[in-house]
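A.B. asks: If you read the protein sequences in the order shown, they are chains A and B. For reference, each letter of the first sequence is one residue, going 1 to 392 in my numbering. For reference, each letter of the second sequence is one residue, going 1 to 392 in my numbering.
Do not take every clue at face value.
For identical chains, the list gives no copy identity; a pair is met inside one copy or between any two copies.
Computed list of lysine-lysine pairs in DSBU-like fashion (alpha-carbon distance at most 30 Å, straight line) [said to hold, decoys possible]: (1) K80 / K22; (2) K343 / K22; (3) K114 / K22; (4) K388 / K343; (5) K53 / K343; (6) K345 / K85; (7) K289 / K53; (8) K88 / K22; (9) K22 / K53.
What the hints contain is simulated information worked out from the structure, not anything from laboratory work.
Number of protein chains: 2
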Amino acid sequence: MTRLFADRMNSVHRSFVREILKVTEDPEIISFAGGLPNPRYFPVQEVARAAEKVLSQCGEASLQYSTTEGYLPLREMIAKRYAKKGIKVSASEILITNGSQQAIDLLGKAFLNKGDGVILERPSYLAAIQSFGLFEPRFRSIPLQKDGVDLQILEKTLSEGENKLFYSVPNFQNPTGITYSQDKLRAVAEKLSESSTVFIEDNPYGDLRFMGEDGPSMRAYMGESAVLLGSFSKIVAPGIRLGWICACEEIMEKLVIAKQASDLHSNYLCQRILDQYFMDNDIEQHIAKIRRAYKDQRDYMVQTMEEVFPEDVGFTRPEGGMFLWATLPESMSSIHLFDRAIKEKVAFVPGQAFYADGGGSNTMRLNFSNSDKERIFEGITRLGKAIKEEAK
Amino acid sequence: MTRLFADRMNSVHRSFVREILKVTEDPEIISFAGGLPNPRYFPVQEVARAAEKVLSQCGEASLQYSTTEGYLPLREMIAKRYAKKGIKVSASEILITNGSQQAIDLLGKAFLNKGDGVILERPSYLAAIQSFGLFEPRFRSIPLQKDGVDLQILEKTLSEGENKLFYSVPNFQNPTGITYSQDKLRAVAEKLSESSTVFIEDNPYGDLRFMGEDGPSMRAYMGESAVLLGSFSKIVAPGIRLGWICACEEIMEKLVIAKQASDLHSNYLCQRILDQYFMDNDIEQHIAKIRRAYKDQRDYMVQTMEEVFPEDVGFTRPEGGMFLWATLPESMSSIHLFDRAIKEKVAFVPGQAFYADGGGSNTMRLNFSNSDKERIFEGITRLGKAIKEEAK
Numbered sequence: 001m002t003r004l005f006a007d008r009m010n011s012v013h014r015s016f017v018r019e020i021l022k023v024t025e026d027p028e029i030i031s032f033a034g035g036l037p038n039p040r041y042f043p044v045q046e047v048a049r050a051a052e053k054v055l056s057q058c059g060e061a062s063l064q065y066s067t068t069e070g071y072l073p074l075r076e077m078i079a080k081r082y083a084k085k086g087i088k089v090s091a092s093e094i095l096i097t098n099g100s101q102q103a104i105d106l107l108g109k110a111f112l113n114k115g116d117g118v119i120l121e122r123p124s125y126l127a128a129i130q131s132f133g134l135f136e137p138r139f140r141s142i143p144l145q146k147d148g149v150d151l152q153i154l155e156k157t158l159s160e161g162e163n164k165l166f167y168s169v170p171n172f173q174n175p176t177g178i179t180y181s182q183d184k185l186r187a188v189a190e191k192l193s194e195s196s197t198v199f200i201e202d203n204p205y206g207d208l209r210f211m212g213e214d215g216p217s218m219r220a221y222m223g224e225s226a227v228l229l230g231s232f233s234k235i236v237a238p239g240i241r242l243g244w245i246c247a248c249e250e251i252m253e254k255l256v257i258a259k260q261a262s263d264l265h266s267n268y269l270c271q272r273i274l275d276q277y278f279m280d281n282d283i284e285q286h287i288a289k290i291r292r293a294y295k296d297q298r299d300y301m302v303q304t305m306e307e308v309f310p311e312d313v314g315f316t317r318p319e320g321g322m323f324l325w326a327t328l329p330e331s332m333s334s335i336h337l338f339d340r341a342i343k344e345k346v347a348f349v350p351g352q353a354f355y356a357d358g359g360g361s362n363t364m365r366l367n368f369s370n371s372d373k374e375r376i377f378e379g380i381t382r383l384g385k386a387i388k389e390e391a392k
Numbered sequence: 001m002t003r004l005f006a007d008r009m010n011s012v013h014r015s016f017v018r019e020i021l022k023v024t025e026d027p028e029i030i031s032f033a034g035g036l037p038n039p040r041y042f043p044v045q046e047v048a049r050a051a052e053k054v055l056s057q058c059g060e061a062s063l064q065y066s067t068t069e070g071y072l073p074l075r076e077m078i079a080k081r082y083a084k085k086g087i088k089v090s091a092s093e094i095l096i097t098n099g100s101q102q103a104i105d106l107l108g109k110a111f112l113n114k115g116d117g118v119i120l121e122r123p124s125y126l127a128a129i130q131s132f133g134l135f136e137p138r139f140r141s142i143p144l145q146k147d148g149v150d151l152q153i154l155e156k157t158l159s160e161g162e163n164k165l166f167y168s169v170p171n172f173q174n175p176t177g178i179t180y181s182q183d184k185l186r187a188v189a190e191k192l193s194e195s196s197t198v199f200i201e202d203n204p205y206g207d208l209r210f211m212g213e214d215g216p217s218m219r220a221y222m223g224e225s226a227v228l229l230g231s232f233s234k235i236v237a238p239g240i241r242l243g244w245i246c247a248c249e250e251i252m253e254k255l256v257i258a259k260q261a262s263d264l265h266s267n268y269l270c271q272r273i274l275d276q277y278f279m280d281n282d283i284e285q286h287i288a289k290i291r292r293a294y295k296d297q298r299d300y301m302v303q304t305m306e307e308v309f310p311e312d313v314g315f316t317r318p319e320g321g322m323f324l325w326a327t328l329p330e331s332m333s334s335i336h337l338f339d340r341a342i343k344e345k346v347a348f349v350p351g352q353a354f355y356a357d358g359g360g361s362n363t364m365r366l367n368f369s370n371s372d373k374e375r376i377f378e379g380i381t382r383l384g385k386a387i388k389e390e391a392k
């Protein structure tokens, strides 16, 4: 049967991270591998009340088929939240998706022919590499510096050929935790202004800033050439599986066609429940609670790493989000270290999974959102021990 | 910006049917155009109780990320329902999707290179034409007879080139209401046995048989070369947006990769709610209620059509499902008739939307599941008047 499968399936494999997560199902293992928000901060009772209200007040309507674009009041609410951040968009520029992962798939569908150029950060979000990968593009990766991509390499890359998309997670990036400076964003926009490249600003963690100040969206510099992705997974809960794309109407027209063909529309019952949740609760207050908790966890992880990791291990100190990124001595393989760490009952994601074109063998991603302080201390101590042994 | 879009977007347009549905939003219009199940039979209270139970008993877990394959107890329940129908599959052969529409997209992703052959029924399910269409296949359409596709034309078509997929809705087809006979299914399987074509049995209406007896699944004749699609939209409710693919493990491996890249996993909260609903309720009893209601509505539509339509209008008498199909005199255009019908405040879907390769200009699809008897009588009477005027 193998010969029957499409060529695109040759280039993509089961997610390495999701396979790793299976290894870490052993409850004795302290896992910093997953990318899970902390379920302690899911608004379970509030969602339950919203579900009860929706089903008792408009049960039949909330269980019927619905529009491809998504529930209008929910789209209006998203547009209003953008307005508060100084980004002017209308509800007609918002499409509700199944988490922001589906947004990536729909953008691939709408834009990519085989061989088209896609610029990625290096390293980049693994599931974006996979999702775009199915459209068989030509990836061009630009190394990340501490304030965003390397401009010189970006300039060189732009001179090498056309690129339809530039995929970026500018705030508290997955996997590195890096955030673009305002200057860097502006400079990237300037360099792109000579091309027709569409900038995809994937911003699932943007609301989870616990230090520093919010910067502008790329929309401010690139206008309609910037497409914004958002998600409710980190500020409400991933199990409701809802996110969105914000794009100008010309792009939206194509995205709606792609969405129709993909699954007609997103889960309507959960759209209604989420909208009810937003009407009855103060989301900003809820987000503030998550921020405080994640800041504590991040601080504690950074502090423990400073104490127990050898000095030649570097790591980022993210101002928000859920991840930090460690760089081991160049000769050390994080895949080898992973095996040793599993014996010590601690897990992380070896960094090379996030490199579309290889490399990163001495890097690793650590998640701090889904572990309490005790487990962070114990896990990082175990990991420090494994690193020291690996260095021998 | 137009030149930036992928080639595949040229071949697919906004769904004609979904555009028609906008015309029919006028509450005075009696619409037989949509493909909606009757919301009167949505188990609203039972879903509300299931939601309350899931969120109070395992709220955090049901709101977290989950596995790509879907919630295991739900997949096991689907496998058990297949077993009752004599189809032996394991839960590992079931993937939960966002309605069966997403199943079509994932199969396209897994199998289709540009130009690959896809066999369709003529006419065929519009959203399948659209969904496969995005992978730019070569469609080959086989005319439907009253018991399934025309075998002679199938044989000729098979001799003309390879086909990776044969997409079929063998029970109470959308749009025609036609069901394959057992002999026809067996004969199709025999003809396909010399090729490596995978048969996709899309069966969203299979449980809604209200006359005659269930036939076998194509799985009985083609084994692992038959992929089965199912949906909860018609037996529970579309708003929970869940369906499934049943495929052998070799195909499943690819589908899981495609699903990961598409949206990580289907809505987990609704998977848990649906599983709870199935544990606490007798679905077969619920389905029996829907069947009785739809039979009444179908009978009443057929009877009224026999009374008020001119004799030269033919139509199917489906044994289940939600649609019937009318054929006007050859010289009459159902698109012209549509305009006249809208003036009479009644709507249907002109049949040519369901032809991948043109044709069907004198046909139309009528939905009987979403109208009560009074509206069926009034609507069909208005439509009969429009047809008579159009014939003048």
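A.B. asks: Each of the hints needs a verdict: does it hold here or not?
C.D. replies: Hint-by-hint comparison with the structure:
In this assembly of identical chains, K80 and K22 lie within 30 Å of each other by CA distance solely across copies; the values are 26 Å between and 40 Å within a copy. In this homomeric assembly, K343 and K22 come within 30 Å of each other (Cα to Cα) only inside a single copy, at 15 Å, whereas the closest approach across copies is 61 Å. Taking CA atoms no more than 30 Å apart as the test, K114 paired with K22 passes in neither setting, with 33 Å inside one copy and 35 Å between copies. In the homo-oligomer, the alpha carbons of K388 and K343 lie at most 30 Å apart inside one protomer (14 Å), although the nearest pairing across protomers, at 81 Å, exceeds that limit.
In this homomeric assembly, K53 and K343 never come within 30 Å of each other (Cα to Cα): the closest approach is 49 Å inside a single copy and 39 Å across copies. Proximity of K345 and K85 under a CA criterion of 30 Å is satisfied in neither setting, with 43 Å inside one chain copy and 46 Å between copies. For the homomeric pair K289 and K53, the shortest alpha-carbon distances inside one copy (25 Å) and between copies (26 Å) are both at most 30 Å. In this assembly of identical chains, K88 and K22 lie within 30 Å of each other by CA distance solely across copies; the values are 28 Å between and 43 Å within a copy.
With identical chains, the CA atoms of K22 and K53 are at most 30 Å apart between copies only, with a shortest distance of 28 Å across copies and 37 Å within one.
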